[in-house]
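As they're listed, the protein sequences go chains A and B. The numbering used here applies: residue 4 is where the first sequence begins, and numbers increase by one. The numbering used here applies: residue 4 is where the second sequence begins, and numbers increase by one.
What the hints contain is simulated information worked out from the structure, not anything from laboratory work. A hint or two may mislead.
A pair counts as met if it fits within one copy or between any two copies, since identical chains are not told apart.
Once the Cα atoms are required to be at most 27 angstroms apart in a straight line, the calculated DSS-like pairs of lysine-lysine come out as [unchecked claim]:
id	residue 1	residue 2
1	103	484
2	213	134
3	103	439
4	479	122
5	82	61
6	134	350
7	173	213
Number of protein chains: 2
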Amino acid sequence: MIIKELKGLANGANIINLYGWVDNVRDHGGLTFIDLRDFDSSIQLIFDKESKITKTVKNEFYIMVSGVFNQRDKNLINKKTLFGDVEILIESLTIINESKTLPFQIEDGIDTDESIRLKYRYLDLRRNEMKQNIIARSNTFKSIRNIMNQLDILEIDTPTLIKSTPEGAKDFLVPSRKSPGSFYALPQSPQMYKQLFMMSGFPNYYQIAKCYRDEDSRKDRQPEFTQLDLEFSNGSPDLVKENIEIIVQHIFKEAFDLKIPIPFKTITYNESMTLYGTDKPDLRIKETISDITDVFAQTEIKFIKEIIEDSGKVLSLFTQKSLSRKEIDLLDEKIKNLGSNGLGWFKVTDNEISGPLAKILLPNEKQELIAFGDGLIVFQAGNLYEVGKYMDILRQEIFKDRVEDSTSFLWVDDFPYFEIENGSLQPSHHPFTAPKDTDIFKNNPNESKALHYDLVLNGVELGSGSQRINDPQVQKLVLEKWGLTEEDIGERFGWFIEALSYGTPQHAGFAIGIDRLVAEILKQPSIRDVIPFPKTQSGMDPLTEAPSLINESDLAEYNLRYIEDEQ
Amino acid sequence: MIIKELKGLANGANIINLYGWVDNVRDHGGLTFIDLRDFDSSIQLIFDKESKITKTVKNEFYIMVSGVFNQRDKNLINKKTLFGDVEILIESLTIINESKTLPFQIEDGIDTDESIRLKYRYLDLRRNEMKQNIIARSNTFKSIRNIMNQLDILEIDTPTLIKSTPEGAKDFLVPSRKSPGSFYALPQSPQMYKQLFMMSGFPNYYQIAKCYRDEDSRKDRQPEFTQLDLEFSNGSPDLVKENIEIIVQHIFKEAFDLKIPIPFKTITYNESMTLYGTDKPDLRIKETISDITDVFAQTEIKFIKEIIEDSGKVLSLFTQKSLSRKEIDLLDEKIKNLGSNGLGWFKVTDNEISGPLAKILLPNEKQELIAFGDGLIVFQAGNLYEVGKYMDILRQEIFKDRVEDSTSFLWVDDFPYFEIENGSLQPSHHPFTAPKDTDIFKNNPNESKALHYDLVLNGVELGSGSQRINDPQVQKLVLEKWGLTEEDIGERFGWFIEALSYGTPQHAGFAIGIDRLVAEILKQPSIRDVIPFPKTQSGMDPLTEAPSLINESDLAEYNLRYIEDEQ
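Isolated chain A, as found in the complex (with noise of 0.2 angstroms):
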């Protein structure tokens, strides 16, 4: 039997079989002390001054006991947990499994490092917090599934061992044993297949999916993670994001007893920018960027003058509070580390003006800065969309003692449908996006916008979804613009624009990360800490050592041969 199922038992009640581990062991003139846990329970066995039991039980043992259900003295009873009232004296003892020494505390809060938890991960999982982590993530699962059943939402799988395609970064590979020199490749995510499902007639799709992404370290990421995918025929971005606000909702207050309210807010791709500097904000955080341009209309300040000759502006965030000199070098270091040229800032006390650039000011200037009243004007100048990261970052760390303590949800779209970057038309999403316009993109992609849309919590970008291109026509322009050959289409997506050839409904669709979700509402400082058996950045598993090597013989079965670099 397990503890819970002690409850309400009558002093006196014989206990039989009851299994546990050894949580401590305490000796008390004679008595000894043990407190036995399970998965939800504990409670507190007593070894009395005749027993027989000699056995040296020592922490973690996995233990059966029988004896007596004993109501403790009203003086004696620990009102912490559950069965705090009650012990049992034990009659008998078996030890079902010994343990070796433990390489860390099973309890909360430890400062073992994280190599060493996840190479003992099983042992991780025990404690509490871990535990809670775990139980969390299963209950999201669950609240996903019950409102996916309320929606009348169809599960239907797709296959994992799929064709090589590009979305943006590095597919996982699977050589063919059977095809010698072929791959497999191991899903981005189920996008194309979940199309397919809406070309063949089903009115909806939903799948909690392993996907895979063979990414360069990047902070935070896993090579193997788990998405919440949803599509919908003759959907609309308006019909899908209704649907992912009841889900969300649904997930918060079932998996987390948390009341969210809906529908979220909507901004922008250029409102977020503006107001933001980033295309995912956190909202817990009120402040936005002002565009301080117009003040420097005719400002001798060399390089803030060229800037604004050339279209770009000046943008600035404004703190009453009073910052230190160390702690605007500290700023000023940080956005120098992502890039920007330095921090421009001024200083405002008792109306009058400070900082580097405070003395070549022109007086309406002044009297313009002065007028946001005492504190410190922060500033960026250039193209907001370059300098956007550093306003972005400035906007954090000043503001960070001003997170409220809320639940952030923000919807971001009309994003443009290509970025530049490095001079050359990079598309900011996957080729299955429709453009707002086609006729816009045809004749001017970048201006052209997509039907794509970003669902952020808290500053984190939680999902995002789109209108799929319905049409083939479409879908072979699209990937034209994208720089794609006429070879290349043919050969990696020719049959994709075939199926798109028979009657496609519109459709549209959404991914929610469902390791993210879970860590953001946790405030968990890694997604490592709600995946049961995660890898570490490098993509390690230090509990398996997997990746490992393997035969040479056993690599010639796939036709193929490890070969060490050149030095």
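Since the structure of chain A is provided, determine the placement of chain B on it from the hints.
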């Protein structure tokens, strides 16, 4: 709107923006009739003579129409379809997407080659019989989620880029770009990870998991398949079986509206082999194998005499049905193809016995065989475990018209731990299976039983499970008996034996093949018919042409090179 939403509309109601596929176009005396089809309904559209709509629509065009809802004349009602009593007088029609000429018709019972159906799978899935298969699969998922919730079994997911381990079939490998020369493997099952969850203290676990086996082409296997995977802490085989029965009964009821009685019957491996010649018997056939060795105690038939002296058996099946010589020859051929020396048989007609060996039968032998009554006795002589497979085939062939139209579930347990194959001990199941008795296992492994149990449905192995080893010493011993060296054990399973060493509870589990389950319930010829996008027997996908060749330069990123076979 969709067709279903028309239900209950009044005659003359306006229909706006109804979507669907053109299922059929007919011209009758100036009127055009279109059957409009969507996911779950269809309705007749009528174009009146004055209609300005001149566009030519063809089958599978995806269209949007508006018009007026019209009750049909009583004598025009089509009672075969849901909306057979109504039609829509069309006022406008918009083609959302045209369709190219179809490679096959969107209708049931087509005899198109499967490779064409798979190349155009998205069209194949528009056909009602295929659509119903996928819906049944989706309903199976749903019913599993529901019963798991009811049973409080936690959904937890396991990694799919893992360390390569042997489970009786070959791993698919995934080369690591970050650690050139190292490989992940795709899991053949989540076996070790679900055991780790039990070690972590979770009470139970389930997952609908994708599993991978790079097997040589066998009948009706897929390189990736879908498995309901379960594990129970403190679990015993009985507890697992009880849960599986509840789960399977629930799936049948909720997803297929079929009632099946539980508990299922259990027989031992030896009983199964003795009665049916196989460990996965189809109990919808009532007839069983008879051991008629005793009849031949004094026999003068030389090969039978020798086999009996060598502890062999004479195993027979009796049918009252009169088989022709040609039918008997076909049976003979069938088992010879599998390796049998040939079919033994006696025919009894009006108390006379005939057959190739009838003349050298002793009088008492004749008497005992004639006592079976008029009909055919077929037999095989030899070791039960060697000739069983021929008896199994003979039983299925001879009684194929006597298969009951029922659902026959059966537990088979008490398996041997090892099978003798080509003179050496081969493990029957994976090496995490607990021996029934550790002492017997240690001293006499070929006499040892495994705490393994299979679930058989209509002669198909639907799933299997076992009590797991929870003692690190026993785990090590089993791997040694498996034939692994100390070094192999350390390198491949050292981490797992270590994990068992920190107080591991008893645990047991199970896995059910979902593709197989759905195919069996729907009586489909292949699991390919219940998988949305399956691969051919050679592991190819005719739709995307995966797996595909990749560039030498892409391969070089993994420090790999393709080596041509030597001629």
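Q: Any hints from earlier that this structure breaks? Give me their numbers in increasing order, please.
A: 6
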